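So the protein lines, in turn, are chains A and B. Following full-length UniProt numbering, the numbering of the first sequence begins with 1 at its first residue and continues without gaps. Following full-length UniProt numbering, the numbering of the second sequence begins with 1 at its first residue and continues without gaps.
Note that these hints are calculated values from the structure, not bench results. Keep in mind the model is a prediction, meaning the values are calculated, not measured. Incorrect hints may appear among the rest.
Ranges of calculated distance between the beta carbons of each label pair, as one might list FRET restraints [said to hold, decoys possible]:
#: 1; chain 1: A; residue 1: Lys-133; chain 2: B; residue 2: Thr-46; range: 44 to 52 Å
#: 2; chain 1: B; residue 1: Arg-286; chain 2: A; residue 2: Lys-158; range: 16 to 24 Å
#: 3; chain 1: B; residue 1: Lys-289; chain 2: A; residue 2: Pro-76; range: 33 to 41 Å
#: 4; chain 1: A; residue 1: Thr-161; chain 2: B; residue 2: Ala-258; range: 53 to 61 Å
#: 5; chain 1: B; residue 1: Asn-94; chain 2: A; residue 2: Val-96; range: 23 to 31 Å
Cut-off 30 Å, straight-line C-alpha distance, at most; resulting in silico cross-link-like pairs (DSSO-like, lysine-lysine) [unchecked claim]:
#: 6; chain 1: A; residue 1: Lys-133; chain 2: B; residue 2: Lys-290
#: 7; chain 1: B; residue 1: Lys-289; chain 2: A; residue 2: Lys-135
#: 8; chain 1: A; residue 1: Lys-103; chain 2: B; residue 2: Lys-93
#: 9; chain 1: A; residue 1: Lys-103; chain 2: A; residue 2: Lys-49
#: 10; chain 1: A; residue 1: Lys-156; chain 2: B; residue 2: Lys-93
#: 11; chain 1: A; residue 1: Lys-147; chain 2: B; residue 2: Lys-289
No residue lacks a Cβ here, since even glycine has one placed at the ideal position from N, Cα and C.
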Amino acid sequence: MDNYSLDDIYIKPLDSKEHELALSTEDLKVYYGDKEAIHDVSLPFERYKITALIGASGSGKSTYLRSLNRMNDLIPGARVDGKIMYRDLNINSAKVDVYEMRKHIGMVFQQPNPFAKSIYDNITFAPRQFGEKNKEKLDEMVEQTLKQAALWDQVKDKLHTSALALSGGQQQRLCIARAIALQPDILLMDEPASALDPISTSKVEDTLMQLKDQYTIIIVTHNMQQAARISDYTAFFYSGKALEFDDTKTIFTSPRIKATNDYVSGHFG
Amino acid sequence: MNSKKWDKVATAVLYAVALFIIVILFTLLAYILIQGLPHVTWHFLTSPAKAFTKGGGIGIQLFNSFYLLFLSMLISVPISIGAGIYLAEYAPKNWVTDLLRNAIEILSSLPSVVVGLFGFLVFVLQFGFGFSILSGALALTLFNLPLLTRNVEDSLEAVSFSQVEAGMGLGLSRWTTVLHIILPEALPGIITGMILGAGRVFGEAAALIYTAGQSAPALDFTNWNPFYIASPLNPMRPAETLAVHIWKINSEGIMPDATAVSAGSSAVLVLAVLLFNLAARVIGNRIYKKLTAE
Numbered sequence: 001m002d003n004y005s006l007d008d009i010y011i012k013p014l015d016s017k018e019h020e021l022a023l024s025t026e027d028l029k030v031y032y033g034d035k036e037a038i039h040d041v042s043l044p045f046e047r048y049k050i051t052a053l054i055g056a057s058g059s060g061k062s063t064y065l066r067s068l069n070r071m072n073d074l075i076p077g078a079r080v081d082g083k084i085m086y087r088d089l090n091i092n093s094a095k096v097d098v099y100e101m102r103k104h105i106g107m108v109f110q111q112p113n114p115f116a117k118s119i120y121d122n123i124t125f126a127p128r129q130f131g132e133k134n135k136e137k138l139d140e141m142v143e144q145t146l147k148q149a150a151l152w153d154q155v156k157d158k159l160h161t162s163a164l165a166l167s168g169g170q171q172q173r174l175c176i177a178r179a180i181a182l183q184p185d186i187l188l189m190d191e192p193a194s195a196l197d198p199i200s201t202s203k204v205e206d207t208l209m210q211l212k213d214q215y216t217i218i219i220v221t222h223n224m225q226q227a228a229r230i231s232d233y234t235a236f237f238y239s240g241k242a243l244e245f246d247d248t249k250t251i252f253t254s255p256r257i258k259a260t261n262d263y264v265s266g267h268f269g
Numbered sequence: 001m002n003s004k005k006w007d008k009v010a011t012a013v014l015y016a017v018a019l020f021i022i023v024i025l026f027t028l029l030a031y032i033l034i035q036g037l038p039h040v041t042w043h044f045l046t047s048p049a050k051a052f053t054k055g056g057g058i059g060i061q062l063f064n065s066f067y068l069l070f071l072s073m074l075i076s077v078p079i080s081i082g083a084g085i086y087l088a089e090y091a092p093k094n095w096v097t098d099l100l101r102n103a104i105e106i107l108s109s110l111p112s113v114v115v116g117l118f119g120f121l122v123f124v125l126q127f128g129f130g131f132s133i134l135s136g137a138l139a140l141t142l143f144n145l146p147l148l149t150r151n152v153e154d155s156l157e158a159v160s161f162s163q164v165e166a167g168m169g170l171g172l173s174r175w176t177t178v179l180h181i182i183l184p185e186a187l188p189g190i191i192t193g194m195i196l197g198a199g200r201v202f203g204e205a206a207a208l209i210y211t212a213g214q215s216a217p218a219l220d221f222t223n224w225n226p227f228y229i230a231s232p233l234n235p236m237r238p239a240e241t242l243a244v245h246i247w248k249i250n251s252e253g254i255m256p257d258a259t260a261v262s263a264g265s266s267a268v269l270v271l272a273v274l275l276f277n278l279a280a281r282v283i284g285n286r287i288y289k290k291l292t293a294e
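Please model the entire structure based on the sequences and the hints provided.
So, in structure tokens, the structure goes:
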């Protein structure tokens with residue numbers, strides 16, 4: 001594996017007149033203790049598009065994603081510098097109510113992590129905590145989100161049985177349904193299909209394609225075919241930096257940066 | 001000899017050791033039950049003890065044991081759950097919490113007679129509670145609290161961190177996540193630990209001899225006002241428990257049927273602890289099933 005310059009960077013600018021941005025970061029740095037894990041990453045994320053974050057293991061793409069809704073706050077010793085702009089508000093600030101913010105920026109994790117509750121309660125638990133008590137509305141929410149996650153037909157007769165009895169792929173789609181039940185603006189997905197078999201993976205991908213109409217999706221994946229299939233934009237991460245950001249088609253056919261080219265053509269990773 | 005033969009020898013030795021332990025345990029259990037059960041009658045279980053004559057029962061001691069157990073669990077369960085939640089979910093990793101964990105570890109291996117003497121000095125004498133159910137319950141709390149706290153902490157920590165992430169990723173607060181997602185999932189383990197702890201407390205004698213006392217004054221089961229001196233619920237009365245009773249009969253019992261009373265009491269005690277353990281298993285399994293696979 002070659003050593004690549006970390007100074008050769010190309011980030012395609014998204015003109016704010018043509019492209020409505022849902023989220024963007026400016027010089028984002030993430031530290032674990034004294035170690036700087038992410039160096040000055042500035043990326044734009046267009047609304048109602050899927051942006052894929054690709055890169056080898058340890059390139060920092062997951063760390064970056066997890067800092068976008070401040071899940072890194074949970075990790076002792078982690079610190080995030082720089083700006084995360086969401087609706088003209090820098091959410092990387094002590095003044096921001098992270099709990100309120102996370103209702104707008106939802107997350108789906110690598111391993112399916114449904115609660116040890118019924119399918120119905122998995123989806124309705126958070127909305128009920130936030131004050132939605134109307135049974136009809138909750139029923140409707142369950143049906144709608146499960147349909148959006150392409151799971152309704154398989155589970156509609158067993159909504160009150162345990163979510164843990166579902167298969168891995170079904171659990172992951174339930175987690176997606178659970179996340180969209182709060183109607184977030186943005187969905188962050190941390191390799192949502194990496195723990196799944198190929199059939200479940202393609203179902204999850206179909207789900208994402210459908211969700212694109214209503215949600216801005218930022219997805220970390222180490223599966224390049226997946227990134228090429230579903231995303232509109234792709235950012236390539238290397239050594240804690242975003243080296244290249246462009247339309248997905250450009251990244252996979254004619255990238256400007258040598259490291260990107262080598263990675264997408266399978267030279268390392 | 002080749003490795004195949006060695007494997008056989010090792011397996012045989014391990015089987016022999018296991019068998020040895022099982023034989024000892026079953027012999028003891030069978031001995032206690034065979035010696036004791038013939039003396040266990042309804043009259044024996046319900047009538048008060050007699051100091052000098054035949055035919056005494058263990059009614060009051062049995063009631064005292066359960067009442068003490070109830071009071072000490074009433075104190076220790078909420079504290080241990082609170083402490084366990086703090087240690088598992090909130091405590092930062094630094095030397096203070098390390099010290100705290102070490103202290104709990106040391107406390108949990110404290111000999112019960114030391115706990116009893118501590119209770120005698122502090123609760124009975126210093127606080128002036130006298131030989132009473134309250135002193136006994138506090139001593140038992142000291143005895144049981146470290147183990148219960150450890151159990152709660154371990155049960156909570158066994159729940160995957162991904163569940164915390166799931167909850168917080170939905171915008172739920174840490175407290176909501178712990179209370180509604182982590183705690184229910186850890187509940188089977190916590191309840192199993194509580195019941196096993198209850199069994200341990202139920203059979204405890206040394207910690208109670210100097211705190212709850214060795215006398216079982218007659219109780220008036222018609223008056224349940226806790227402030228009435230002969231009321232079964234009065235926490236300030238001395239209360240000899242079943243385990244203390246067994247100890248006392250064997251060290252200074254002068255009733256003619258002391259051996260029989262002791263054997264009967266032991267059988268009842270062993271059966272009760274056995275029931276606690278079985279209940280722990282059944283209830284733990286049932287809750288686990290209910291929470292996961294329905």
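Outcome of the hint check:
1. A:Lys-133 / B:Thr-46: 44 to 52 Å: Holds, at about 51 Å.
2. B:Arg-286 / A:Lys-158: 16 to 24 Å: 21 Å, holds
3. B:Lys-289 / A:Pro-76: 33 to 41 Å: 35 Å, holds
4. A:Thr-161 / B:Ala-258: 53 to 61 Å: Holds, at about 58 Å.
5. B:Asn-94 / A:Val-96: 23 to 31 Å: 27 Å, holds
6. A:Lys-133 / B:Lys-290: 24 Å, holds
7. B:Lys-289 / A:Lys-135: Holds: B:Lys-289 and A:Lys-135 sit about 27 Å apart, inside 30 Å.
8. A:Lys-103 / B:Lys-93: The given pair, whose Cα atoms are some 29 Å apart, holds under the 30 Å limit.
9. A:Lys-103 / A:Lys-49: At roughly 19 Å apart (the allowed maximum being 30 Å), A:Lys-49 and A:Lys-103 satisfy the hint.
10. A:Lys-156 / B:Lys-93: Outside the cut-off at roughly 45 Å; violated.
11. A:Lys-147 / B:Lys-289: Roughly 28 Å separates the two Cα atoms, so the pair holds.
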